Each structure stands twice: as structure tokens, then as C-alpha cells.
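Student: Sequence order for the protein chains is A and B. Heads up, the first sequence is in our numbering, so the first residue is 1 and it goes up one at a time. Heads up, the second sequence is in our numbering, so the first residue is 1 and it goes up one at a time.
No lab work stands behind these hints: they were computed from the structure. For clarity, every value in this text was computed on a predicted model and none was experimentally measured. All residues carry an ideal CB built from backbone N, CA and C; glycine is no exception. Hints are supplied without guarantee of correctness; some may be wrong.
As the list claims (entries may be wrong) - Listed below are several chain A residues computed to face chain B (Cβ distance under 7 Å; list not exhaustive): (1) G137; (2) Q220; (3) A223; (4) K324.
What the hints assert, rightly or not - Residues from chain A that keep clear of chain B, each with C-beta distances beyond 10 Å, as calculated: (5) L21; (6) V25; (7) H29; (8) L115; (9) F165; (10) P167; (11) N185; (12) V193; (13) L215; (14) S224; (15) M225; (16) L227; (17) Y271; (18) V295.
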Amino acid sequence: MVHKIKITPYLLTMLLLVAWLSLWVGSVHVSVLSGLADFASGVVSNQAIIIGEIRLPRTLIALFVGAALGLSGAALQGLLRNPLVEPSLVGASQGAALGAASVFYFGLFSIAGTLAITVAGLIGALVALLLMLALSGTGRPSLVILAGLAISTIAGAALAVVLNFAPNPYAMQELVFWLLGSVSNRGLDSLYVLAPALLVGGMIILSQRRLLAALGLGEQIAASMGLAVNRGSRLVVLGTAILVGASVSVAGNIGFVGLLVPHLLRPFTKYRPDQLLIPSALAGAILVCAADILVRLLPYGQELKLGVLTSLLGAPLFIWLVVKESKRWL
Amino acid sequence: MALISTHALTVDTRLKDVSMSLQRGDVLGLIGPNGAGKSTLLKTLAGLEKYSGEIKLEENLIESYSSSERSRIIGLQPQLVNSTWPISVEEVVALGRTPWHDRDEAAIQQAITLAGITEFTERTIDHLSGGERARVWLARVLAGQPQALLVDEPVANLDIHYQLSVMNVLKEYAANNNGVIVALHDLSLAARYCNKLCLLKNGECVAQGTAAEVLTESLLNSVYEVDVDVDLNRQPPVVLPK
Numbered sequence: 001m002v003h004k005i006k007i008t009p010y011l012l013t014m015l016l017l018v019a020w021l022s023l024w025v026g027s028v029h030v031s032v033l034s035g036l037a038d039f040a041s042g043v044v045s046n047q048a049i050i051i052g053e054i055r056l057p058r059t060l061i062a063l064f065v066g067a068a069l070g071l072s073g074a075a076l077q078g079l080l081r082n083p084l085v086e087p088s089l090v091g092a093s094q095g096a097a098l099g100a101a102s103v104f105y106f107g108l109f110s111i112a113g114t115l116a117i118t119v120a121g122l123i124g125a126l127v128a129l130l131l132m133l134a135l136s137g138t139g140r141p142s143l144v145i146l147a148g149l150a151i152s153t154i155a156g157a158a159l160a161v162v163l164n165f166a167p168n169p170y171a172m173q174e175l176v177f178w179l180l181g182s183v184s185n186r187g188l189d190s191l192y193v194l195a196p197a198l199l200v201g202g203m204i205i206l207s208q209r210r211l212l213a214a215l216g217l218g219e220q221i222a223a224s225m226g227l228a229v230n231r232g233s234r235l236v237v238l239g240t241a242i243l244v245g246a247s248v249s250v251a252g253n254i255g256f257v258g259l260l261v262p263h264l265l266r267p268f269t270k271y272r273p274d275q276l277l278i279p280s281a282l283a284g285a286i287l288v289c290a291a292d293i294l295v296r297l298l299p300y301g302q303e304l305k306l307g308v309l310t311s312l313l314g315a316p317l318f319i320w321l322v323v324k325e326s327k328r329w330l
Numbered sequence: 001m002a003l004i005s006t007h008a009l010t011v012d013t014r015l016k017d018v019s020m021s022l023q024r025g026d027v028l029g030l031i032g033p034n035g036a037g038k039s040t041l042l043k044t045l046a047g048l049e050k051y052s053g054e055i056k057l058e059e060n061l062i063e064s065y066s067s068s069e070r071s072r073i074i075g076l077q078p079q080l081v082n083s084t085w086p087i088s089v090e091e092v093v094a095l096g097r098t099p100w101h102d103r104d105e106a107a108i109q110q111a112i113t114l115a116g117i118t119e120f121t122e123r124t125i126d127h128l129s130g131g132e133r134a135r136v137w138l139a140r141v142l143a144g145q146p147q148a149l150l151v152d153e154p155v156a157n158l159d160i161h162y163q164l165s166v167m168n169v170l171k172e173y174a175a176n177n178n179g180v181i182v183a184l185h186d187l188s189l190a191a192r193y194c195n196k197l198c199l200l201k202n203g204e205c206v207a208q209g210t211a212a213e214v215l216t217e218s219l220l221n222s223v224y225e226v227d228v229d230v231d232l233n234r235q236p237p238v239v240l241p242k
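Start from the sequences and build out the full structure, keeping to the hints where you can.
Tutor: Shown next, in the form of C-alpha cells:
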């Protein structure tokens, strides 16, 4: 038998530890359990406010965003059969950024209140996704990459136009900071977007896990085994875009998580793309939450943005992966 | 009753009016030059190509089966296969259970035994030689326990030892009340292992029947445009270009 390591229980344990740590770490020391208890029972106390209204949303958003990025990265790498693919490739990130920029400059969706940026980002991501799906046709790997690149480029150009005509210089700064990626000051209502997106996108992707496994042997074999390759591929792209769109619209760009997490976990899941999905979601959640704890532990002053930290940590790992990959072909 | 039969099967310009049938117990060899339509015919039977004409599974039209029912009856091993991920041999074979939505260990082990790959099930696919891989791909499709096994060029690039071992697996599988259609370039192997042959040229079936009926010097000369030496009385039979 192949050496089997069941990695999911370890990841779940780590997830709980990191979540607890995330509730515990901060400028003020409060008891996590009694803070949670006070918050849950509606008692108004300092610890209830600190835990329930500041740290709990931040922790949950970090976990959800990380899970969305990890899962979408694993799904997309499986679908496109390429370990160096990033979830932002489907064009949803740039679409979300464009949607958010329109809020910063034109004050759209003011009805949505604090959720305006998220809602606009989500709409931007979905529009980008629909264009991309229309363009990519069958969901063939080369077409998905080309269509994603095309949509990203168009959305990026439109974003540049918006920035160019920015009426308010502060809005520009705000947008740039938002794009750098962070989970602080997001509010519990962001979860109204993230949670359904994670559920729906996750279900769509998990429903296609047999396709992801079979595609490893090529489209012809997958189709000959009775799988709807074109339809399933489009569903995976759809699920990915929902996950990426929701997480970018809540937290901005958190780079490298979707690229690295599946790659690091692959040896523990017997390289099977279908068995990689859940562990990647868990590990993505752990990684983003842990990175956010690190951000909070850094010295006070201008806070280092979470997306900047993941890129700083992720880029060297990515270079290492590229070097390792290039050696395989020497 | 034929396990698979086609009538006037046409696939754009690649197949024209092909009518053939596969009985249980048959090893049907598809032969013909490159581009004759051998792979297209196999892919069409496995549901991968749009076609006009008729394909029947026993007495029913193939359209009356869902794609998942069809994939449980017809198994296809395409010509060019590769695994993106370095998964273990056992996992590759287990993927063959996809049409059944299960992981039937008995079927997987049976396929592994039949393909003769028991000694390296724990190795990963990227660490195998071409000959070993060819038998793993075969075990993958056997794990689905198809009644009709379609195999495209299973012995291309294999040494003579593996050529015989793969062809013997196919023969043994057909003998078990299944049908096998195999596309081959090696006409001597076709004469030796196939009880029926179908000779294709430019998408048309120019001859079908036993080796003695199809592998004649004049027919092969007109199809391949080279002179061919045929000696079917030798054991094993020999068909070689002059």
C-alpha cells in the first residue's frame, strides 16, 4: 500500500489553534472564552466588544478568505493541470478591483453602506467572470488562461483610466491600500458575502472532484469515462471565480496563497487533485489567519498590509518552486 | 447478437459509411495507414465524436444510454496518455472505476493482476518505463470492467516482449465473453492476435473479415502503396513490407 497520511485531522487541529490564537493576540489582553461567552449572551463588556466585534470578525474573515483562496487555487491547478497557476488568473481579481474603484470614485452602491465596496467588488468580479466564461468557450486550459489574461488586461486598463481621472487624491490612496489586501476593520457583515460565496463556490467545485481527478489523465480519458468535461470545466471556473471574487472584494489582493498552498500539500494527498481540495481550503485558512496574526504582532505604526506580507513570504517560495521545476526539465 | 455494430457511420470527413460489428469473444483489429480513421472510429464508439449513421450496443441505439451507462459498457484507452500528476500506479488504476462512482478494490486488484503489474503498484507513474506504463494504462481501463474494450495503438513504442504481453492481455480479456477492438500498425501482430480485421483507408472500410481475407498482397499494396510479403501459414504469421 502507498504510505497514507491523513492530513485533514492535523489541519483541522491547527486551524482551531490558529483561530484561538487570532482571538487572543492583540494590543489588549482579554480572556477569549469569557469574551466569547459575553458576546454570545449579549452582555455588554469591554472583552465582549474586543473579542466579538473586533477580533472575531477579523479572524473569521481571515479564515474564510484563506479557505476560498486555497480551495480555488487547488481547483484551478487541477483543472488546468498546471501547478503554477494562480486563482487570480480567471480575471476575477481585476474585475473586483475595478468594481471597488468605482465605489471609491463615484460613490456607487452607497445604499449598501459599509458593504458598498464588497458588493461592487463582487459585481465587478461576476461581470469579469461572465465575460471570461463567454470568451473561454469550452473551458480548455489554454483558452481559460488566454481569456483570463484578456479580461484581466481589459479590467486593469479600465482601472488605470479610473485612477487617471481620479477626482479625489485621498480616494486613490484608499483604493491602493484596499488593493494591498487586509482583513482588518472589515466588520462582521462582510461574512454575509463571504460565507455564502464559500458555500456555493465550494459546493460547485466539490461536485466536480471526480472530473478533476480524471482530467489528470487527459480530457479524452475523462470524457470516455462518462464525465461531462466541458460543462464540468466551466463549473469549476465558475466556482473559482465566485470564491476569488468574494475574497478579493472583501479583503483585496492576498497574493500567493492560492498558488502555494496546493503545491505544498500535494505530496500529502498522494498528488490526487480531488483529495487536495479540502486540505487546501483548511491550509489556506490557517496560512492567512497566521499571517494576519503576524501582521498584528509587528511593531505599531503604519500596519503592514496582509497582502503585502503574504507576497513577501510567498515570492521567495515561488522562486524556489520555479527553480525546482526547471531542474526537473534539465 | 453483435456487442457493438455500426451502420453507415460517418464523422465529418474522417469516417465515411463505416459498417462493422464486434461480437463477444472477438479481438477485432483496425488496420490502415496513418490518417485512415482508426482513432476516429474508436473515439466515436466511445462517445467522443459527433457522428451521423447508427451505432448499436447489442440491440439498442447507443443514444438510448446515458454517458455514464455507456462508459460502463465501453472502455477506451486512447493512443497518447500521460498523467499530469505523479500519482501511484494503484491510484491510476483506481481512476478506472470513475464510470461506476466507486472504488471497487476487487475490480482494481483483478485489473492489476490481469495486466501483470502487481510488482509495481506502489511506484509512481513517472518512475516507470514506457513498457510498464503501457500496461498500467491498460489496467486503468480494465478496472472499469467494460464489456467492449477499445484500445488505440497499445504497442506503439514497446519492445517485442511488452508487445506480446499487452496483446496477450487483450486476447485473454476478449476470451472472457468480452469484445476488444484494437488499432494496430504492426500487421504481423494483427494477423497473429486478431480473429477479425477491418482495413481502413481515407475513412472508409475497404475490407473486413479474417486475416486470410483482409491481409492479401494485392489489397495491402493498394492501401499502403508498398509491396508486402504475406505468409499467414507460418507460426506466427508474418506480414512485412518488401
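Student: It remains to establish, for every hint, whether it holds in the given structure.
Tutor: Hints versus structure:
Restraint check, G137(A) versus chain B: the minimum CB separation of about 16 Å is more than 7 Å; hint violated. Satisfaction of the interface hint for Q220(A) is found here, the shortest Cβ-Cβ separation to chain B being roughly 5 Å, below the 7 Å cut-off. Against a cut-off of 7 Å between C-beta atoms, the interface hint on A223(A) holds, since the closest Cβ of chain B lies about 5 Å away. The closest approach between the C-beta of K324(A) and any C-beta of chain B is roughly 13 Å, which is over the 7 Å cut-off, so the hint fails.
Non-interface status of L21(A) relative to chain B is upheld: no Cβ of that chain comes within 10 Å, the nearest being about 34 Å off. No beta-carbon of chain B is positioned within 10 Å of the beta-carbon of V25(A); the least distance is around 38 Å. The claim that H29(A) is not at the interface with chain B holds, since no C-beta of that chain comes within 10 Å of its own (minimum 46 Å). Chain B leaves L115(A) outside its interface by the beta-carbon criterion, the shortest separation being 40 Å against a cut-off of 10 Å.
The Cβ of F165(A) sits about 45 Å from the closest Cβ of chain B, beyond the 10 Å cut-off, so the non-interface label holds. No Cβ of chain B approaches the Cβ of P167(A) within 10 Å, the least distance being about 49 Å, so the stated non-interface status holds. At the 10 Å boundary, the C-beta of N185(A) stays outside the reach of chain B, the nearest C-beta of that chain being 41 Å off. Even its closest Cβ contact with chain B, about 33 Å, leaves V193(A) beyond 10 Å, as expected for a residue assigned away from the interface.
With 10 Å as the threshold on Cβ separation, the claim that L215(A) sits away from chain B is violated: the shortest Cβ distance comes to roughly 8 Å. At roughly 4 Å, the least C-beta separation between S224(A) and chain B is not larger than 10 Å, which violates its mark as non-interface. With a cut of 10 Å on Cβ distances, M225(A) falls inside the contact zone with chain B, its closest approach being about 4 Å. For L227(A), the shortest C-beta to C-beta distance to chain B comes to about 7 Å, within the 10 Å cut-off, and the non-interface label is violated.
Not every beta carbon of chain B lies more than 10 Å from that of Y271(A), the smallest distance being close to 4 Å; the non-interface claim is violated. No Cβ of chain B comes within 10 Å of the Cβ of V295(A); the nearest lies about 34 Å off, and the non-interface call holds.
In the structure shown, a violation is registered for the earlier hints numbered 1, 4, 13, 14, 15, 16, 17, in ascending order.
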